[in-house]
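Given chain G's structure and the hints, the job is docking chain H onto it.
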Amino acid sequence: MVYSLVRPVLGFLRGDEGKSLAPPGIVNRNSVWLSGMGWVSAMLQNAINHRPPLKSGVHRQVLLATIGWFIGYHITKYENYTYARLDRDMNEYIKLHPERFEPKEKKTFAEIVEPFHPVR
Amino acid sequence: MTFSHLLTRAVHINRAGSRSAFTSSKLDTANPNWLRVGLAFGTSAFLWGLLFKQHSTDVHEYKVRNDLQ
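Chains as they are written, first to last, in my numbering: chain G, 1273 to 1392; chain H, 10 to 78.
If we strip away everything but chain H, and leave its shape as in the complex, we get:
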C-alpha cells in the first residue's frame, strides 16, 4: 500500500489521543456553554471576595501591630 493510501484509511479510524482536522466541528456561538460561563463568573466572584477579605485582614493586622486600634 502507498503512504497516502495508508493516511486516507486513518481518517475513518478516529482513536482517542489524536484528532483529525476533518472530523472536528465548528464553534457553536449561538449556544453558550453555560457551565463554563457560570464557573468563570463564580471564580471571579470568589476571587473578589478573597481579595476584599485579605485586604481587611491586612488592614486589621496593621492597626493591631501599630497600636492604632
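Chain G on its own, in the form it takes in the complex:
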C-alpha cells in the first residue's frame, strides 16, 4: 500500500519510454559508492564525538548506508536512461543525415609511403 503511494514519486525519473530499458542490478556502482559514503559519514560522526567509530551507533551506520544504496540505485536508473536517450537521438540523427557520415576511403600504408633512399 505504501509502495503504491511512493511509486509515482519515483516514476518521474524515467518516464514511460524508459520502462522498456533493462533496470540496473541491485548491486551497482553508484549504490556501492554512495552507501560507502553514508557509512563513512556515520563513522566520521562517531569519531568527531569521541565514540568508537565502528562499534557505536550501528543503527546510524546501517541507516546512512541504506539511504546511500537506495539513492544510488535510482541515480543509476536515471543515468542508464539518459545515456540510452542520447544514444538513440544520436543514431536517429546519423540515419537522417547519411551524407555527413560517409565512410572514408582507406589507403594502406604501402600506397602512401614514399620510396626510401638511404643517405649514409
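Mixed in with the good hints there might be a few duds.
Said to hold, decoys possible - Taking lysine to aspartate or glutamate pairs in the DMTMM-like style, the calculated list, with each CA pair at most 20 angstroms apart, reads: (1) H:K72 x G:D1288; (2) H:K62 x G:D1288; (3) G:K1291 x H:E70; (4) G:K1291 x G:D1359; (5) G:K1291 x G:D1361.
To be verified - Some but not every residue of chain G turned toward chain H, in silico, with C-beta under 7 angstroms: (6) I1298; (7) V1334; (8) F1342.
As the list claims (entries may be wrong) - Where chain G lies over chain H, by a calculated footprint (3+ residues, C-beta under 8 angstroms): (9) 38-47; (10) 62-75.
Keep in mind that the hints were calculated from the coordinates and are not lab data. For glycine and all other residues, C-beta sits at the position ideal for the given N, C-alpha and C.
Frame of chain G, contents of chain H only:
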C-alpha cells in the same frame, strides 16, 4: 546595570528559543535512545523492502515490454 551583570542574570531565566551552554547535559552513552534506534532500523528495513520491490517491478516491466515473458 553593567552589560555583564545583565548577562549573568540571563543564565537563570532559561526561556524556550535559546539554550544556554551552562545548562545542557552531557551525552548519556550508557542508555541508548531505543526509540531512535528502532526508528533507524525500521526505516532501513522499509527502504530495503522498497528497493527490492521497485527492482522486481522494473524487471517485470522490462520483460513485459520486450515480450520476454
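Take the C-alpha atoms of K1291 (chain G) and E70 (chain H), compute the straight-line distance between them, and say whether it is at most 20 angstroms. Holds, at about 6 angstroms.
Between K1291 (chain G) and D1361 (chain G), does the CA-CA distance stay at or below 20 angstroms? holds, 17 angstroms
Measure nothing beyond the straight line between the CA atoms of K62 (chain H) and D1288 (chain G); if it is 20 angstroms or shorter, mark the hint as holding. The given pair, whose Cα atoms are some 19 angstroms apart, holds under the 20 angstroms limit.
Coverage assertion for the region 62-75 of chain H with respect to chain G, Cβ distance below 8 angstroms, three residues required: holds (count 10)
For the hint on V1334 (chain G), does the least C-beta distance to chain H fall short of 7 angstroms? holds, 5 angstroms
Taking only the CA atoms, is the gap from K1291 (chain G) to D1359 (chain G) under or equal to 20 angstroms? holds, 16 angstroms
Hinted contact F1342 (chain G) with chain H - closest CB pair below 7 angstroms: With a closest approach of 5 angstroms, the F1342 (chain G) hint holds.
Just to be careful, I want the Cα atoms of K72 (chain H) and D1288 (chain G) compared with a cutoff of 20 angstroms; is the pair within it? holds, 15 angstroms
The hint names I1298 (chain G) as touching chain H; please verify it with the least Cβ-Cβ distance against 7 angstroms. holds, 6 angstroms
Check, residue by residue, whether the region 38-47 of chain H contains three or more positions whose beta-carbon lies closer than 8 angstroms to a beta-carbon of chain G, and give the verdict. n = 3 at 8 angstroms, threshold three: holds.
Comparing the model with each earlier hint shows no violations; every hint is respected.
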